Structure formats: C-alpha cells, structure tokens
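Add chain B to chain A, keeping to what the hints say.
There are 2 protein chains.
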Amino acid sequence: MGSSKVADKHRVVIIGGGFGGLSAAKRLKHAPVQVTLIDRCNYHLFQPLLYQVATGALSPANIAAPLRNVLKNHRNTKVLLAEATRIDAAGRRVILSDGEIPYDTLIVATGASHQYFGHDAWEKFAPGLKTVEDATDMRRRILLAFEAAERERDPAKCAAWMTFIVVGAGPTGVELAGALGEIAHDTLKHDFRNINPSQASILLVEAADRVLPPYPPPLSAAARKMLARLGVTIRTGATVMNIEDGAVTIREGERTETIPTRTILWAAGVLASPLGRMLAQEAGATLDRVGRVVVEPDLTIPGHPEIFVIGDLSNFSHQTGKPLPGVAQPAIQAGRYVAKTIERRLRVEKIEPFHYVDKGNLATIGRAAAVADLGWLRLSGLAAWMIWLFVHLLYIVQFQNRLLVLMQWAWLYFTRDRSARLITGKNPLPLDL
Amino acid sequence: MGSSKVADKHRVVIIGGGFGGLSAAKRLKHAPVQVTLIDRCNYHLFQPLLYQVATGALSPANIAAPLRNVLKNHRNTKVLLAEATRIDAAGRRVILSDGEIPYDTLIVATGASHQYFGHDAWEKFAPGLKTVEDATDMRRRILLAFEAAERERDPAKCAAWMTFIVVGAGPTGVELAGALGEIAHDTLKHDFRNINPSQASILLVEAADRVLPPYPPPLSAAARKMLARLGVTIRTGATVMNIEDGAVTIREGERTETIPTRTILWAAGVLASPLGRMLAQEAGATLDRVGRVVVEPDLTIPGHPEIFVIGDLSNFSHQTGKPLPGVAQPAIQAGRYVAKTIERRLRVEKIEPFHYVDKGNLATIGRAAAVADLGWLRLSGLAAWMIWLFVHLLYIVQFQNRLLVLMQWAWLYFTRDRSARLITGKNPLPLDL
Numbered sequence: 001m002g003s004s005k006v007a008d009k010h011r012v013v014i015i016g017g018g019f020g021g022l023s024a025a026k027r028l029k030h031a032p033v034q035v036t037l038i039d040r041c042n043y044h045l046f047q048p049l050l051y052q053v054a055t056g057a058l059s060p061a062n063i064a065a066p067l068r069n070v071l072k073n074h075r076n077t078k079v080l081l082a083e084a085t086r087i088d089a090a091g092r093r094v095i096l097s098d099g100e101i102p103y104d105t106l107i108v109a110t111g112a113s114h115q116y117f118g119h120d121a122w123e124k125f126a127p128g129l130k131t132v133e134d135a136t137d138m139r140r141r142i143l144l145a146f147e148a149a150e151r152e153r154d155p156a157k158c159a160a161w162m163t164f165i166v167v168g169a170g171p172t173g174v175e176l177a178g179a180l181g182e183i184a185h186d187t188l189k190h191d192f193r194n195i196n197p198s199q200a201s202i203l204l205v206e207a208a209d210r211v212l213p214p215y216p217p218p219l220s221a222a223a224r225k226m227l228a229r230l231g232v233t234i235r236t237g238a239t240v241m242n243i244e245d246g247a248v249t250i251r252e253g254e255r256t257e258t259i260p261t262r263t264i265l266w267a268a269g270v271l272a273s274p275l276g277r278m279l280a281q282e283a284g285a286t287l288d289r290v291g292r293v294v295v296e297p298d299l300t301i302p303g304h305p306e307i308f309v310i311g312d313l314s315n316f317s318h319q320t321g322k323p324l325p326g327v328a329q330p331a332i333q334a335g336r337y338v339a340k341t342i343e344r345r346l347r348v349e350k351i352e353p354f355h356y357v358d359k360g361n362l363a364t365i366g367r368a369a370a371v372a373d374l375g376w377l378r379l380s381g382l383a384a385w386m387i388w389l390f391v392h393l394l395y396i397v398q399f400q401n402r403l404l405v406l407m408q409w410a411w412l413y414f415t416r417d418r419s420a421r422l423i424t425g426k427n428p429l430p431l432d433l
Numbered sequence: 001m002g003s004s005k006v007a008d009k010h011r012v013v014i015i016g017g018g019f020g021g022l023s024a025a026k027r028l029k030h031a032p033v034q035v036t037l038i039d040r041c042n043y044h045l046f047q048p049l050l051y052q053v054a055t056g057a058l059s060p061a062n063i064a065a066p067l068r069n070v071l072k073n074h075r076n077t078k079v080l081l082a083e084a085t086r087i088d089a090a091g092r093r094v095i096l097s098d099g100e101i102p103y104d105t106l107i108v109a110t111g112a113s114h115q116y117f118g119h120d121a122w123e124k125f126a127p128g129l130k131t132v133e134d135a136t137d138m139r140r141r142i143l144l145a146f147e148a149a150e151r152e153r154d155p156a157k158c159a160a161w162m163t164f165i166v167v168g169a170g171p172t173g174v175e176l177a178g179a180l181g182e183i184a185h186d187t188l189k190h191d192f193r194n195i196n197p198s199q200a201s202i203l204l205v206e207a208a209d210r211v212l213p214p215y216p217p218p219l220s221a222a223a224r225k226m227l228a229r230l231g232v233t234i235r236t237g238a239t240v241m242n243i244e245d246g247a248v249t250i251r252e253g254e255r256t257e258t259i260p261t262r263t264i265l266w267a268a269g270v271l272a273s274p275l276g277r278m279l280a281q282e283a284g285a286t287l288d289r290v291g292r293v294v295v296e297p298d299l300t301i302p303g304h305p306e307i308f309v310i311g312d313l314s315n316f317s318h319q320t321g322k323p324l325p326g327v328a329q330p331a332i333q334a335g336r337y338v339a340k341t342i343e344r345r346l347r348v349e350k351i352e353p354f355h356y357v358d359k360g361n362l363a364t365i366g367r368a369a370a371v372a373d374l375g376w377l378r379l380s381g382l383a384a385w386m387i388w389l390f391v392h393l394l395y396i397v398q399f400q401n402r403l404l405v406l407m408q409w410a411w412l413y414f415t416r417d418r419s420a421r422l423i424t425g426k427n428p429l430p431l432d433l
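For the record, the sequence lines run as chains A and B.
Per my numbering, the very first residue in the first sequence carries number 1; after that it's consecutive.
Per my numbering, the very first residue in the second sequence carries number 1; after that it's consecutive.
The set of hints was computed from the structure by calculation and includes no laboratory data.
In this text, all values refer to a predicted model and were calculated from it rather than measured experimentally.
Treat each hint with caution, since some may be false.
Put simply, identical chains are the same to the list, so a pair is met inside one copy or across any two.
To be verified - The calculated EDC-like cross-link candidates involving lysine to aspartate or glutamate, where the alpha carbons are at most 20 Å apart (straight line), are:
id	residue 1	residue 2
1	K72	E182
2	K130	D120
3	K426	E133
4	K72	D191
5	K426	D137
6	K26	D191
Looking at chain A on its own, in the form it has when it is part of the complex (with noise of 0.2 Å):
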C-alpha cells in the first residue's frame, strides 16, 4: 500500500544543480511529489567566488557543497551522479549516458558556459571560469607564470611572463583583474628574488566604452578607479582580433597593438548549454542569439507546460523587455517560483506569472573595495565591500564553509597572504622557458 502510493507519486525531475535547480529541490521538501535531482558533479558550486579559487584565496572545497549533503534530510529527494544528454519530451524522460528516467514535470537548470565568439581555437590559450577544474587551471597558469619569469633570463620573454591579459571587464573579469593586481602587488611582495612581482602588467580589455557595463556609469567610474589603484591598465572600447600562443592582437578604433603575453583569462562572451539545442530539437523551443530558451510567462516553454527552464538556460523578457541577468538571484528565485507553481498545480490553485525583485548588483575589486547598485542606493568602495561581504557569507550553502570562509577572507583582509597558492594538476617541468 505504501509503496504504491509512493509510485504514484508526481515525478519531479531537475536537471543541475546550480542556484536555479538547488533552489528548486530544497524549496520541494514537503511537497507531495518525488524529485530526483541529476548533476554531473557531485557538489553544488558557489560559482560567484570562483574567481578566489582562481586567485589562490579559497579553496575548491570552500565554495562547493556536496549535493547529497546538503538535501540529506529530504526524504522525498534523490540525488542522481549523471549526464543528461537528451531529453525526450514526447516520452517525457531524460536520456542519461548510462541509463534514463521518467518525469512527470521536468525543470531544466544546466546554465551556461563561456564563448568565443567562433574562434574555438582561443580556447587553448585563453581558457575561461566556470567550473572547480577551470579555476585550479588557471591559478596554476597565473602562479606558474611568476615562476617562468623568476627562470628567465631574456628580458622580452621575461615581460611575456609579466604581462597578464583579462578579457572582458563584466563582474568576473574585473574581480579577477583587481585579484590579479593584489597578487603582484601584496602577495608575492618578497617571494622572489630576480624578478619584482609589483612589476606585472595587467590588462583588462573591454570591447565596451567602460568597465562593468551593466552598471550604472557612476559605479563603472568608481570601479576604474580602484581598479587603477591596484595597478590594473584598463582598455575600454578595445575588441581582441585574435589569441594566439605567447600574443593577443587588440583593435582600438584604428589602431591594432599586438601584446606579448603568456596569460591570457578568458572573461568574455556567454553561451547557453547544450540541453537548450536539444529542447529546440524535441520539444520545439526558441533559442536566442546565445542560445538561451525563450520562455513564457510562467517559466515553462510553449506547448509544454510540465517544462520549466530557468536560470542561465532561460530568457525570460516579459518583464523588461530584456532577459534577466546571468546572475544567482534570477535563478534562486524562479527556482522557488517553479517549486510553488508545482504544488499548486497539484492542488489545483490559479499560478501568477513569475516575477522577479531585483535585490541588485554587487562586484568586489580588490581588498576592501566593491561596487554595490542596490536600485535605490549605489555605493562604491569600503560600504559597497561590506555589503558584499554580508551577502556572499549569506549564500553559502554550507554553515561550515561560511566559517572557513570568514576566517580566511580575515586572513587575507590583515596579512594579505593567499594560502591557497598551489600549482597542482599534471607536472609543470620543464618550464616553458
């Protein structure tokens, strides 16, 4: 009796577990509906730090929370370790790499990864930050950089090694701009002894007229500022022609500049994920120009209204006319948005479109330094970081982590030391001299 009331309970199956697809689960604890809850990787990512996990101030494990852990307590809730790699909507199941799974209501989270804007082969030399692998990549990229320069004895190739290039300057490439810029000024102050850290070159290339564009002016202004203080050179209105090995070629009006360097971090150019071509394919949703999955008003896709997509997947526009940010905040709230409207559904109740409260925008740039555009209050500088702070120790999924966090976040704000500095991952030698 009992386990045939659980079979027919109402299949609930999310795809990621990202802000959007954890959201979802946690806010489905009660609900009379079983959820299984389908990642490729075995934790939850706090994706806006990533960039410390790249700069050697946090480690992987202080921004990743195991999925199983955190929904341990919901009964109701599966936790599956798998890749979905087709979606079959008229079957209503997931096809997985090793096996599938049927669904009654289907919320697709998979997000977003970056692009290059069809110049694949930049990939290699300019490798971008979305996942845990990304960031022990590149901080061994950023550290292994200064050992080259230690070991070079050619000045030009010795500046090659000196000399790190940022593309983009949107939230992600000004954090690791401004963290950069504390590398070589703070950090490593006395850790070598032929070359002078303080001497790198930090270039943060931006194809648009100013700095964390989203941004109110006023904030990109601040932003510049600081970022100049900790040594970054900012090159607005500046589009990369092209990435090769050892140089970036950049275009600014009429002048092309080709830049000797060895570091490129790619911070530029989004592009939705793949699940989104196989809903256009299966279930006939629009995709946008970066392949988002156009959506109606409640969050599902036309004609298929036991599909929801949210987060970097969706473009939902109906509101401003323009889709929503990348950010957690859209995604953290149409997850809770698509959990209720499922219970509603189940109880039979009128659903109200999704509406989404901008809580606003916050970057961090350096120590003691951010932006905040709150909507009703824009703050720059020491109240803006704080604020930053606040918020960022607040989302951390797990209260342990929220600790290690504040306390080396103390660590680095009084010693600015970064104790996570290793270079790990297949052996570095012989360097690239």
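For chain B alone, coordinates are given in the frame of chain A:
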C-alpha cells in the same frame, strides 16, 4: 665589492622541500652561505595528514605551504621550481630538466615513493598516497565507488563497489582504513537512498602478524580493537598475490581467496627516490635493498664530504644498527644537523656525528582514538589522540593552516561531517556500471 663578496659565498644546494630539505634551509637563515632550494612542487607538503585529504576531511591547501612564502624572509635563499635529473658529482653541479646549478655543498632530500614489489601493473588499480594529486585521486575513487553502488542494480556488482581494500597496515594504512570506517558509518549515513553506506566492507590486509608492525605489540592490539569498532575487517598474515581490475587475490597460510572489489588503496612498500641511483652511479654511493643511500655517521656519502643525504632517501644505521624510520622526525633532525655541520665547517670547528633523538611514534585511528609510543610512555585512546592532535598542529608550517585545520577538525569531531567531499578531475561520467 659587495657583489663579489656574494659571489664568493659558499653555495649550498638543497634538492627537495620536504621535512629534511626545508628544515636545513630554515636553519641556514643566518649562515654566511648562498642557499638554493630546488623542488618539483611550489609547496612544502605536510605528508602525515595527506590521508585526511584523501578521505575528504581537509583541502590540499590546508596541508601545503608555498615554499617561497615559508622562506620569503631568508634573504640568502632562492627557491627554484625545477626537477633535478642528474647529479654531476665530479663537476659539482646539479643538472635540471631545464638548466644546471653549481654547488659547493649538496643536500639531497628527495624522499621516497611507494613500490609494488615488481608488480608495477598493480599501480593502475591500487594507487598509493604520496602527492596531492594522489590524494585527490584517492578521494575521487572512494566517493565515486559509493555513487556507482547507489546506481548499480546488480547485487554482486554493487557489493564489489561497496568493498574497500587497504593494502598495508602501517600508520598510513591504519589511518586510511579508520577514516574509511568513519566515512561509511558516519559521514555518508543519510546521503544515499538505495544503499546503506554503513554496510560497506572495509578490509585492511597486512602480511605481518599484526597491525602497526613497528609499534610495541600492546599498541598493535589496541589499534586492532579501535579499527574493529569502526567496522574495519583486519586480515593479518595475509599476502597480496595478485591485483587486477575488479579483484584482489590474497593468501593466508594455505588458503587463497579472490575478493571482488572496485577500490584498492595501496599503503605498502617504500622505494627511495631515483636520485639515490644517480648518487650510486656518479659518486659511488652504496644503496640498500629499497634504494636508500647508505650514509656515514655525519650523513655524507663515502668519498664525498660535500654531499649529504637525509630523510627517507638516506639509510643511517650507525645508531641502532637499523635504518631510521621514514617519518618526519629523523628528516627534520637530520636537516638541522646538516645545516649546523655546514656552519661549523666554515668556522673550522669540530663536528660531532649525527645523533637521532627518538621522540616517539603516533598513529591515529579515526575519531578521538590513536596510539602513542613515546618510549617511556605508551598510550592508546583519547589521551593518545590529544597528543597526536597537538603534535600535528604544532608541526604544520603556516599559522593560518594551523587555524584552518583545527577548525575543520573541531567541526569533524562534533558533526562527523567531512566537507571536502569533492569529486574533481577528469569527467567521471558515464559511471563504469
């Protein structure tokens, strides 16, 4: 004048930034010498806690201190990220994979790795634990085994995923088996829906007739009891005959048994670093059965008073007739002795032979349990664990890491939660079901 004085300074080259090499470098801070410390890694690794990274209790950065950071205030010391491939004893220079470096005095401290007693094919199925990469690979295998068991429908295959075999019951094997017991019984208790992690079978296989063979028999008996309490099955007097994909064959007396398992952890067999063979070829050094360099009472090699060999790579048998154990204390004391000897030689003072002071041995067996053999005092249980905890915290090189480790241990003690449970590295999907 100043620069010619520097150029004339006695050049000390240290290969290896482990306990031996680092303690020599630290002790030479104020000596009138030029020190170069060469290591393949950019960090000093606190190897005694590596098993805690392998079992998800700590992050790699918590037990790794960047060598440049540790030695940043040693103005007479350079750190070189490089691999020593050859020692030219006649020409007094170390050949690197990307250069060379001359020395007046050489300290070789490159340690040891694990060996498979001629069965190198076993390594693929039974990885050892010597590097950060080994530890994250072991963590990945342990966590993926539970994930695969959760997915596997075939009971026999599921049982093989739920069987963990640790080969070798020295301190590392005992500590790994104890931590596995805790993971199965406590950490993962509520994480799965199809399997019960506490039904995992954890086997500790040892050829000798008791666990912790170098310890006094009463402490071995105590360790055995503590391991049994954690659900570890102990097979002493058992020899590993074969390891293949999915199974281990062991022999106990006349009886041979093949045990299906998907996770085999190797904690047996030590093999000295290949630089020992180099010293045999180039400087006529004598090696013992496991490749260690037999050293004189002053830790030099015969005929080469300018070459010291210390730590796990050295066989110093003058004190007890047996080589010193391959743990941190003999390496640290030898490093300090060599530094002092170099200073005394420069001052043309009398040199005493090396004398090792045995401060005792400690091994931990899970939560609040350990054995301690301090020579004059033998302890097991909580008291031994308190000593273990205090000593290990004390010897962690960086103050920040001491705090981070203490905090994570306190968390582990009270909640039994291991937060660093990330499956990282190459894409693990599809699972090998």
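Results of checking the hints against the structure:
no.	hint	result
1	K72 x E182	between (39 Å within a copy, 17 Å between copies)
2	K130 x D120	within (16 Å within a copy, 37 Å between copies)
3	K426 x E133	both (12 Å within a copy, 9 Å between copies)
4	K72 x D191	between (44 Å within a copy, 5 Å between copies)
5	K426 x D137	both (10 Å within a copy, 12 Å between copies)
6	K26 x D191	between (46 Å within a copy, 15 Å between copies)
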